[in-house]
Amino acid sequence: MRGQGIWLQSISGLGIAFLYLPIIVLVVFSFNASRLSATWQGFSWHWYGVLWHDEALLAAAANSLWVAVLSTSLVVLLGVPAAMGLERLRGRGRQALETIFLLPLVLPEVMMGVALLLFFVMIHWPLSLATVVVGHAAFNLPVVIVMVRARLQKLDPRLEEAASDLGASAWQTFYRVTWPLVRPAVLGAALLAFTISLDDFIVTFFVAGPGATTLPLKVYSMIKSGLSPEINALSSVLVLASMGLVGLSLMFQRR
Amino acid sequence: MADLSIDIRALVKRHGAMLAVDHVSLQIRRGEFFSLLGPSGAGKTSLLRMLAGFETPDAGDILIDGRSMAGVPPNRRPVNLVFQSYALFPHMSVAENVAFGLEMKRLPRGEIAERVGATLDLVRLQDKRDRLPAQLSGGEQQRVALARALVNRPAVVLLDEPLAALDQQLRQQMQTELKTIQAQVGLTFVCVTHHQEEALALSDRLAVMQQGRVMQVGRPEDLYERPENLVVARFVGVSNEVCGTLADVQAGEGNLLPSEVSSSRGIRVSVPAGLQSGVPVVVTVRPERIRITPGHVADAGANCLHGVVETIHYIGSEWQGVVRIGQSVRWTIHASNATSGSRPVAIGAPVSLQWNSADGVVIPLT
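Going line by line, the protein sequences match chains A and B. Using the numbering used here, read the first sequence as starting at 643 and increasing by one per residue. Using the numbering used here, read the second sequence as starting at 10 and increasing by one per residue.
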């Protein structure tokens, strides 16, 4: 038994190393004084300074933030009522709608990208940041629905009856009872959707118009002209931000 | 019947093909503690949910304070429900939970604070007013649920299995408390329960329900002493039964010729009006009315059946056992432990069971 324990521990240790070693190397080398990424020449904040003054990069970051904020808002506004509606629905319609809503979760992202591109072309919507917002909303909607529904399912249906019994109208019941109880889940879902939007490359690549360069697209174009430690610095910032957001999201989920 | 709180008229509720509530009519008086007692599936919860407005009757009507409730949504009914699961709002403190109903009525702040305070005093939770429901014990949560309903001073307080989630000791304590509080506030209480002792102890009157129908309505002692049918006899208390036909009926007295047990001279019974000789009936006797004597004694005036003790066990206040008095007829006996802790009769021993004719209740077989 003891031998087995050691084996299991080493395997999970290897797994963790495989996942996080590249990220650690990336972060360490973002503090490298050298112009080349491969050799260590002492600690420096230099590349973070370069990053801070790179206008094109900052513009891309601003684009990404805008897209994330707008697509997340859109997805919350659509997803929360959808989740509540699904929860109330009974019978066969619910099963069908559920599948339709959740299918995008398992669709290959490339397919999603191509489909969205074709759709925008078909309805003559010129590719721009707006199309990126819509694209991100499309793949984030199921995420929000799944998370909000998980919470709704755990709620005692008697709570809404109790509110109504005590004289609350449908709106008062939602505002005073249901919403405060699902709010943590909605916040958690919003943060996760925000993070996914911030990091997305594939769908963005298909539906971004000229000038609508987001951060991941910018990084991709930068490495085509050689690996600069500036990208390491940028990536480190992104890693930190993503981890922070996911952490926050988990915190809200637990509440 | 001027002072009716609730008037239920030929109420019907179908769940699919099943009749959950089958033409139920009930009159509940103002200030009364009324219980609906029955096994699960008897329709009592459906009835309660129709009173609260969560379910719509398929036929019939409910009048509360003389006003028809047809088409009135739950939030506009003068009733408040204490849920079995309590359904306290988990994100609100005790005081906020209790204030909820008054806030919905848009009462002035001062009045809300005053009434919440008074109600929390009533249920003795003033010191827990800022706690969240999750920080309270089961009994305290129960009291918050009660306070949340009482504070609105509704025409009727509905209680759905109010004590079911509590353990035995707390249940006894809450039972007393519930009765005291009801007497203090003087509101009409309608309580659904499957627990017969609870229903007897709490209620001014109760209705026994089975399969959607009301089997009998009355005071606890009416139902226990004079059950009108076997359902009530069996559900309220323990029923020792012997079947047979009536004979020699005269002036409210008669003999039972038992069909499944042998009796030397028949069984004397009080016969309710309207029953004649030759009618097949069941006589039911409560265990505590039966005197147990070791050996097969000859009866002296009282009814007497002979049998053999099958089981006997000690429960502290008394001994409870089963005596076989016929091929497939077994009676439950309770022997008082008032004098000593020693076993009154041994297993396998022959015994005589005696009771007064007035203690046997005759129920016609239909």
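Since the hints were made in silico from the structure, they are not lab data. Any given hint could be a false lead.
Unchecked claim - Label-pair restraints from in silico Cβ distances:
#  : chain 1 : residue 1 : chain 2 : residue 2 : range
1  : B       : Val81     : A       : Phe843    : 23 to 29 angstroms
2  : A       : Val711    : B       : Arg18     : 55 to 61 angstroms
3  : B       : Ala26     : A       : Pro799    : 43 to 49 angstroms
4  : B       : Thr341    : A       : Arg825    : 53 to 59 angstroms
5  : A       : Pro822    : B       : Arg133    : 35 to 41 angstroms
6  : B       : Arg140    : A       : Gly691    : 49 to 55 angstroms
7  : A       : Pro799    : B       : Ala210    : 54 to 60 angstroms
8  : A       : Pro799    : B       : Val247    : 35 to 41 angstroms
9  : B       : Arg18     : A       : Gln795    : 35 to 41 angstroms
10 : B       : Thr189    : A       : Arg825    : 37 to 43 angstroms
11 : A       : Pro822    : B       : Ala210    : 51 to 57 angstroms
Claimed, not checked - These stretches of chain B come out as covered by chain A in the derived footprint (C-beta under 8 angstroms, 3 or more residues):
#  : region
12 : 36 to 50
13 : 88 to 94
14 : 107 to 116
Idealized CB from N, CA, C, for every residue including glycine.
Problem set entry | Numbers of the earlier hints that this structure fails to satisfy, in rising order | 1, 3, 5, 7, 11, 12
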